[in-house]
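Engineer: We have chain A; now place chain B onto it with these hints.
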Amino acid sequence: MTTTSATTPTQSSQSSQPSQSDQSAQSARPSVAGLLRPFGRSFAAVVALQVAGAVAGLAPLLAVAELGRTLLSPGPVDDGHVRTVVAAGAAGLLLHLLCTTASSGIGHLLDGRVQLALRRQLAARLGRVPIGWLARRRTGELAKVVGDDVGAVHPFIAHTPGELTSAFVVPLISLVYLCTVDWRLTLITLAPVILAVALVPLMLTPARQREERDRDAAMGRIADAAVEFVQGIAVVKTFGGAGRAHRAFRTATDEFTEVFHRFVRGLAGTAAAMQTLLSPPFVLLAVLTGGTALITGGGMPPADLLPFLLLGLGLTAPVAALGHGFDDMRAAHQALRRIRDVLAVPPLPQPARPAVPRGHRVELRGVRFGYEDGHEVLRGVDLVLEPGTITALVGPSGSGKSTLVRLLPRFFDPGHGSVLLGGADLRDLDSRELGRAVSFVFQDMRLLRASVAENIALAVPHAAPGDVERAARAAHIHDRILQLPRGYDTVLGEEAALSGGEAQRIALARALLADTPVLVLDEATAFADPRTELAVRRTLTSLGEDRTVLVIAHRLETARAADTVVVLRDGRIVERGTPDELLVEQGEFTALWQSGRAGEVRTGTTARAGRTARTTPRATTPGTTHGPARGEDDR
Amino acid sequence: MIRTLFRVLGDRYARPVRRTVALMTAAAIVEGLSYALLVPVLRSLFGSSPHDAWPWLAVFAAAIAVCAVLRYISDLSGFRVGTTLLRGVYHRLGDHLARLPLGWYDTARVGEVSVLAGQGVLRALSVIAHLLAPLISACVTPLTTVAVMLALDWRLGLAALAAVPLVVLVHRWTGRATAAADEERAARDRDATDRVVEYLQAQPVLRAGGRTTERFHLLDASLQRVERSSRRSARAVVPGALGLTFTVQAVFTALLVLGAHLALGGQVGTAQVLTVLVLAARCADPLLSLGHLGGRLRGARAELARLETLLDTPPLPEPRRPVKPRRHDVEFDSVVFRRDGRTVLDGVSLTVPQGQRLAVVGPSGAGKTTLLHLLARFHDADSGAVRLGGADVRAVGTEELMSRIAVVFQDVYLFEGTIEENVRLGRPDATGSELRAAAAAARLDEVVDRLPGGWQTRVGEGGARLSGGERQRVSIARALLKDAPVVLLDEVTSALDPVNEAAVNEGIERLLRGRTVVMVAHRLSTVERADRVAFLDGGRIAEQGDHRELLARGGRYAAFWSDALTVASRP
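Residue numbers (UniProt numbering), protein chains in the order written: chain A, 1 to 635; chain B, 1 to 571.
Hint data in this document are derived by calculation from the structure and do not stem from the laboratory. Any given hint could be a false lead.
Here are the computed lysine to aspartate or glutamate pairs in the EDC-like style, where the Cα-Cα straight-line distance is at most 20 Å [unchecked claim]:
| hint | chain 1 | residue 1 | chain 2 | residue 2 |
| --- | --- | --- | --- | --- |
| 1 | A | Lys-144 | B | Asp-220 |
| 2 | A | Lys-144 | B | Asp-191 |
| 3 | A | Lys-144 | B | Asp-189 |
| 4 | A | Lys-144 | B | Glu-543 |
| 5 | A | Lys-144 | B | Glu-303 |
| 6 | A | Lys-144 | A | Asp-341 |
| 7 | A | Lys-144 | B | Asp-194 |
Far from chain A by the CB rule (all over 12 Å, computed), these chain B residues [as the list claims (entries may be wrong)]:
| hint | residue |
| --- | --- |
| 8 | Arg-326 |
| 9 | Arg-327 |
| 10 | Asp-382 |
| 11 | Ala-391 |
Incomplete in silico selection of chain A near chain B, CB under 8 Å [stated by the list, open to error]:
| hint | residue |
| --- | --- |
| 12 | Ala-88 |
| 13 | Gly-89 |
| 14 | Gly-105 |
| 15 | Leu-116 |
| 16 | Leu-126 |
Just so you know, even glycine gets a beta-carbon here, dropped at the ideal spot from N, CA and C.
Next up, chain A with everything else stripped away, as it sits in the complex (with noise of 0.2 Å):
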């Protein structure tokens, strides 16, 4: 994620203006501690809770030793130590438990509050970054980011503390008593944790190590079977082929079952092995062998024996918490990492001090750009739009059109070159302040879960019903939106779902409503149904007259509509002009029209009828003839 990140434009156009960067901008990547800070104090008590019910829980342990260090010692039993010994056991008990109670209850909540600071400190950075670096990723991969690796730090913060020390204070605090009751039984006790810490190199060996790379990469071969033969289903099976993808699938699980299983076995001998060593069973055995040499030799006195049995058992429990919560901590670590990395992102520079544009002339002044480096999608494009204009774009597939009306609302910045608004360079506009002259309708328009009246009236939170009604009328989905369940209250995406058209229509509303003076359209999904199609076309033939307008012209009648026809190849103004002037030329835009038409030759005498109406050029500029008719419903 960082090597991409590095070799974006927007990054080297940031490093060429250092001083537009603002200084949250620069941060660098935000350590765990850092992140983790703000929760210091809670997580301080945590641990000194943990700390505290972890040695109080030793103390009826240490009731048990003290009782038989007690009743075996020769002479009378004193009943009165008895007592206080049993109390102070009991009463240990109770403060453990307290603690602990205490310890994991803050714990618990803690985890809550710092899981929804990260995720709110994400959506806050991934709602600043370039719209450039979010469209280069899958939405899943940051979507995982925001929510299932910020799950997986939860061991981290509710459970960590407590594991670790547990598995550590615990057994340092034994291993000191024990020293200071016998040093020589103390070595002996942890002969077995010290021979079981041998074992692991074998547990590392190259052939594991190459075992362990196998079952991951065979694990990833599901991953991917899985999704392709689901994803591929419908092919597969309206293929005839239904045996196919389903054998992929097939084959790679039982390749993983294989390689796991060798993986297992491959293990199996020195797990056993380890695991033996450090069960109860054969640590006791260890210490009382030990004692018994100890005790017959006369070096110890019997009663020291029992702090052993009971607290030695715990010297093992490291050894096991590192094998037991490994791969808890080490998905933890890799979540926190890929968070650190999205925080890490630096977001579009705001400028510090913003320009303002006069007027609404957009200028593109030897615009380059590519996605990648060594492969340039525009290749030194100058272009004005002037106010009160239509400017189509047309040009094969892969030509940068979407590329170049993207850099309008400023969803890239470009590499060299400027993009200017009103004389300004877009770069030093306030980001509000562009969100309020440029809106967009572009293929794919994601709608939001809300209501349909809270998705066209988004740049305008306020805006009143009528208003929103206008606009919906204006975009021709007033009649459909009426036929939802609640009319304007409707969720979409709950209550009622919208066609691809239909969402077009929504954007299209929600463009109409903002009321920018500069507009860009991607007349693409067009032919989603008549409908839309005539909703885009009144659109622009019924816009203000001062409006600077951009759209991708698919269709020669859009074209034919505009003021100025732009063709675009490999990146590259080609031909430009008005349309009659271009047709007459008979250069690039109208081969590619022919070529266009090639298909549409066999089509009826009823079409073409159709199309020759809808070729009819418009005599007269936008602005003068429908200027009134927009946000009116004027069938």
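Structural biologist: Chain B in isolation, oriented as in the chain A frame:
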């Protein structure tokens, strides 16, 4: 949980699983019994003749060796069974997915199922594989130890035994409390994930609305709900976890008090009391680990439940004696189809004579695509019948039916592989010249010539390396190669650039020639080339006839097109 597995897989795997469980149990029992040897050892050490401990220690060592061997064997057996089970689940899942009706796979399902089939199954089974042994040993070893304690001294033994029902009760209670909280949490998480995806996808729009800086309230509200429900689930989990600790520790303390009391009264020997307390301490750890193990098992159970639901989804019924249609005319006979409580098609009757073209036209949401889906048996009709050559499609086997139909849908899915592989899907045994002929007819040859790798160019995941128009051409070539008598076409709604559009139109025209065609048409030019047009609205056929006839009638159909025709012709 294991029962769920058996239900999923059938009893085939029951025996080896039982054998493994038996081995694991045996290992745990041996471990518990080996603790009995502590009694003579400690009695000797705390008594007057510590030397007597040696032979007992040797026996203890032998018991541990037996235990280790048993454990190793049970591990190996577990691995073997585990991988066999894994393979079984994968195969069963694969077979089932292949037999589910295609209509079942909507967009949400595709994501869900591919995750389940990928990591989900593995996660569920590996948790079981890893947890089975610790779980058995955490239950069986303490129980055996308690039996040893009972044998040693019945009073202390009984006191220890009291822990058993308590632990079981606490465990049950925790399980129930957390299950509810977990479910709520999972729902909130899903909601939040949806919101995040929406937030990300809607970034351009949100920014255009100037909502960059202000927190997007829909997302933020949903994130806050996640936090609240996680707080609730913490409240549900914490008491359970502590309840277990409390029970175990309280019983241990009770033993301590009772032991001290008995020892002081001289009723039980000191060595015995101390041995019991050491044994009791031994029981505590495995019991405490039960809480942790339980939580992880519950996670796996949710995954297994999803798997079970999936496997319980009825597959597309296959006829026992499939009929072979002799002709290729298509008939919809009062077809009713409902989905999610909505009537999508409401009594549709249509016929398409062999070799003719039917164009289905209508506003979005009218049920046009569903008609195609029913013919290809993505779903089955709720009432009425869809017939091919006079035979109900349900009586024709899927394999047979699919061999008669070629499908060109809007969203073309290509497999990660070469262009050639993707085209050959239409007819795997096609010769090279047949392949080239199909490609030329679909004007795919131009694309192939232009690409650096030619036929061997890899198309990327889902065909991502080709443009929409190029993918369409691959899909048309595929259908041409298949050379099926019936063609279902869902015309692309989005516009292609002029070059691609011309190519696609040409290819489609060649594909349709001479075949029985049902197509969802969005363009006037396509409609005009159809023999018949059906205007569908709200799941019913509003008008039917040929294009001119319908236009002349001046009804709904004519109105539908007139919008598009009139606008531009106005000055």
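Engineer: Each of the hints needs a verdict: does it hold here or not?
Structural biologist: Structure-based check of all given hints:
Annotation: proposed proximity of Lys-144 of chain A to Asp-220 of chain B holds, straight-line Cα distance about 17 Å (limit 20 Å). The straight-line distance between the Cα atoms of Lys-144 of chain A and Asp-191 of chain B is roughly 13 Å, inside the 20 Å bound, and the hint therefore holds. Taking the CA atoms of Lys-144 of chain A and Asp-189 of chain B, the gap is near 11 Å; set against the 20 Å cutoff, the hint holds. Between Lys-144 of chain A and Glu-543 of chain B the alpha-carbon distance is near 48 Å, which puts this suggested pair outside the 20 Å criterion.
Restraint check for Lys-144 of chain A and Glu-303 of chain B: satisfied, since their Cα atoms lie roughly 18 Å apart, inside the 20 Å limit. At roughly 13 Å between alpha-carbon atoms, Lys-144 of chain A and Asp-341 of chain A fall within 20 Å of each other, so this suggested pair holds. With a C-alpha separation of about 11 Å, the suggested pair Lys-144 of chain A and Asp-194 of chain B falls inside the 20 Å cut-off, and the hint holds. Arg-326 of chain B, annotated as away from the interface, keeps every beta carbon of chain A farther than 12 Å; the closest lies near 19 Å.
Non-interface status of Arg-327 of chain B relative to chain A is upheld: no Cβ of that chain comes within 12 Å, the nearest being about 20 Å off. No Cβ of chain A approaches the Cβ of Asp-382 of chain B within 12 Å, the least distance being about 21 Å, so the stated non-interface status holds. Distance check on Ala-391 of chain B: its Cβ is at least 18 Å (rounded) from any Cβ of chain A, clearing the 12 Å threshold; non-interface status holds. Look at Ala-88 of chain A: its Cβ only gets to about 11 Å from chain B, farther than 8 Å, so that hint breaks.
Taking 8 Å as the C-beta contact cut-off toward chain B, the hint placing Gly-89 of chain A at the interface holds, the least distance being around 6 Å. Taking 8 Å as the C-beta cut-off, the interface hint given for Gly-105 of chain A holds, the closest approach to chain B being about 5 Å. Evaluation of the Leu-116 of chain A hint against chain B yields a held restraint, the C-beta minimum of about 4 Å falling below 8 Å. Here the hint on Leu-126 of chain A is kept, as its CB sits about 6 Å from the closest CB of chain B, short of 8 Å.
In this structure, the earlier hints numbered 4, 12 are contradicted, and the remaining ones agree with it.
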